[in-house]
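> Below, each chain spelled out in residue letters.
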Amino acid sequence: MRETTGFKTFRIVTLAALAVFVLLPLYVMITSALKPLGDVQGKFTWWPTNFTIQPFIDIWSTIPLASYFVNSVIVSTSASVISVIIAIFASYAVSRYKFRGRNAFTTTILSTQMFPGVLFLLPLYLIFINISQTLGIQLIGSYLGLIITYLTFTLPFAIWMLTGYFDNIPRELDEAAKVDGASAIGTLIRVILPVARPGIVAVLVYSFITAWGEVLFASVLTTQSSRTLAVGLGEYSTQVNVYWNQIMAASVVVSIPVVIGFLLLQRNFVAGLSAGAVK
Amino acid sequence: MVLTTEKPEVAPVGVASAPGAVKLPKKKRPKGWWLPFALIAPAIVFELLIHVIPMIVGIWMSFIKLTQFYIANWSAAPFVGFGNYQIALNFNGAQGQALLSSFLVTCGFTILVVGLAWGFGMAAAVALQKAFRGRAIFRTMFLIPYAVPMYAGIITWKFMFQQNTGVINQILGALHLIDPNNPPFWLIGNNAFVAMVVVAIWKLWPFAFLMLMAGLQTINEDLYEAASLDGAKPFRQWRNITLPGLGAVNNVLLLVLFLWTFNDFNTPFILFGGGEPPAGDLISFHIYNTSFITLNFGFGAAMSVLLLLFLMLVSAIYLVFINRRSRRA
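Protein chains in written order, with my numbering: chain A, 1 to 279; chain B, 1 to 329.
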């Protein structure tokens, strides 16, 4: 197809401007992490002339980064795995069966997307306090309490996306499996799941990224020993004397696993998202 | 004898002969009717646990005077009816005024962020629509802000917006847009609003880009071919082919962007920490602070319910509007 010069100019300007916008913070993050403290306390310099990797070592003792890391991994992994497992069954039912209450169910799932997190936070906080008062089960500061609250946002999205994904899998596959004598659950496990793998991976990645970055619930429902990265780093960055080079190093460290994972699975993710949401 | 033994079996028929229930014995539930219910049962249990029950509790909380004295013993908190709502909606009172100003800040923030994030996403998706060398690099690069954990991105921006050590004032000074000897504050005062908008767009626009890019793949390329043969310029092609072709995507996308942005908590929370400037007081952040600093949960719950009602109203109007438009088209 012929491209006009006008379109080419538009393309160059757009891509250049957005690239600067996207890359500037990433550049600042990485280069500042490689500077000694003195260099981030003065005027900003574009190049780390006194190159050092010390911030990457010091940050582990300045704040309990390792403990935050472990907490975040446990909570985010559990929340995304649990929501995907529940969502697989629910989405299969919604996509393949007509049953009473199906519309009510999908409407509820969709509408919970719009509910502000703070609307659930206050009641959950009070319910947790009163459960520990009456039953002696401590949910605030526990992994379980945080995982339950994380399901408030990972589960509806997982069901929504997977339903869209299952809808796009041809019904003929189900029929063929049924002819071969497979049960409904057998069909789901042996036929649907392998085909839907990109979608399932996409949902897992999405849920993990959201849980990994969640701040609202974690800021209230964690204690010093169960702090997640999001709250731990956020808290540290509000102090008066911030070691900006160390916090930038920590930001690099927490970003690397998610960014690499995301880029590796990018193809799956885009395919899953477009199947789930673009309909 | 025969009659009596048969009687129990006949009995249901007798009952069923009442009008309206004639077909009951014949209409047996099909084999496996319970399967879909069994499949969604775990989801329903969790939905009840994490959404329905907290929501009911939240609505109930909004009608009681749930201050710090009653937090651990909520059944003793006095019932105040619509008292909490009256305080929230009395715009002459201090609390109502603060809520109104937070609401207005949030509206301005949402309009700017959704508009610009959508615009950026659309521009990038269109620019990358046709294959050219380097397309894959840009596509991957633009998705990075989406993958970077939100707080890591926001903390980095916070560093960039520092008055004396930040890169933003450095760049603006080099461009002679500010006085380098007297650089402005970005995280306190009215500038905080600008900082918040920039950060929110940075982390939101890649999602718009991702959705629009996926939507563009569903548009038939022949349409562009035909249009350019007819001499349509790229902008007209965009308006007459791309935009209508993305209709369904845009309907969902704009609603989701609106809801996420209006409920944004992370950006002000991490950017400003405890000392939030009034210009950065987004509504979720406002409710959170009011609840956990004053420890007045009943009032916080009432404001959350009002927020939800507002979001439902806007979403409903939007959906009606969308449906009417798509029916007309």
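Bear in mind the hints are in silico, worked out from the structure with no lab data behind them.
Note that the coordinates shown come from a computational prediction; the quantities given were computed from them, not determined experimentally.
Ideal placement from N, C-alpha and C gives every residue a C-beta, glycine not left out.
Mixed in with the good hints, there may be bad ones.
Claimed, not checked - No more than 27 Å apart at the CA atoms, straight line, and that leaves these computed lysine-lysine pairs for DSS-like:
# : chain 1 : residue 1 : chain 2 : residue 2
1 : B       : Lys233    : A       : Lys98
2 : A       : Lys8      : B       : Lys233
3 : A       : Lys178    : A       : Lys98
4 : B       : Lys31     : A       : Lys178
5 : A       : Lys8      : B       : Lys31
6 : B       : Lys130    : B       : Lys31
What the hints assert, rightly or not - Chain B residues, not near chain A, derived (Cβ > 10 Å throughout):
# : residue
7 : Ala72
8 : Phe159
9 : Arg325
> Next, verify each hint and record whether it holds.
Here's how the hints hold up against the structure:
A distance of roughly 47 Å separates the Cα atoms of lysine 233 of chain B and lysine 98 of chain A; the hinted pair therefore is violated under the 27 Å criterion. Taken as a hint, the lysine 8 of chain A and lysine 233 of chain B pair is honoured in the structure, with Cα atoms around 13 Å apart against an allowance of 27 Å. In summary, the hint linking lysine 178 of chain A to lysine 98 of chain A is supported, as the alpha carbons are separated by about 18 Å, within the 27 Å threshold. For the hint linking lysine 31 of chain B to lysine 178 of chain A, the alpha-carbon distance of about 15 Å falls within 27 Å, and the restraint holds.
For the hint pairing lysine 8 of chain A with lysine 31 of chain B, the CA-to-CA distance comes to about 62 Å; that exceeds 27 Å, so the pair is violated. For the proposed pair lysine 130 of chain B and lysine 31 of chain B, the alpha carbon gap of about 52 Å is over 27 Å, so the pair is violated. A cut-off of 10 Å between C-beta atoms contradicts the statement that alanine 72 of chain B is not in contact with chain A; the least separation is 5 Å. For phenylalanine 159 of chain B, the shortest C-beta to C-beta distance to chain A comes to about 5 Å, within the 10 Å cut-off, and the non-interface label is violated.
Interface exclusion of arginine 325 of chain B from chain A stands, the closest Cβ pair being 18 Å apart, more than 10 Å.
Comparing the model with each earlier hint shows violations of hints 1, 5, 6, 7 and 8; every other hint is respected.
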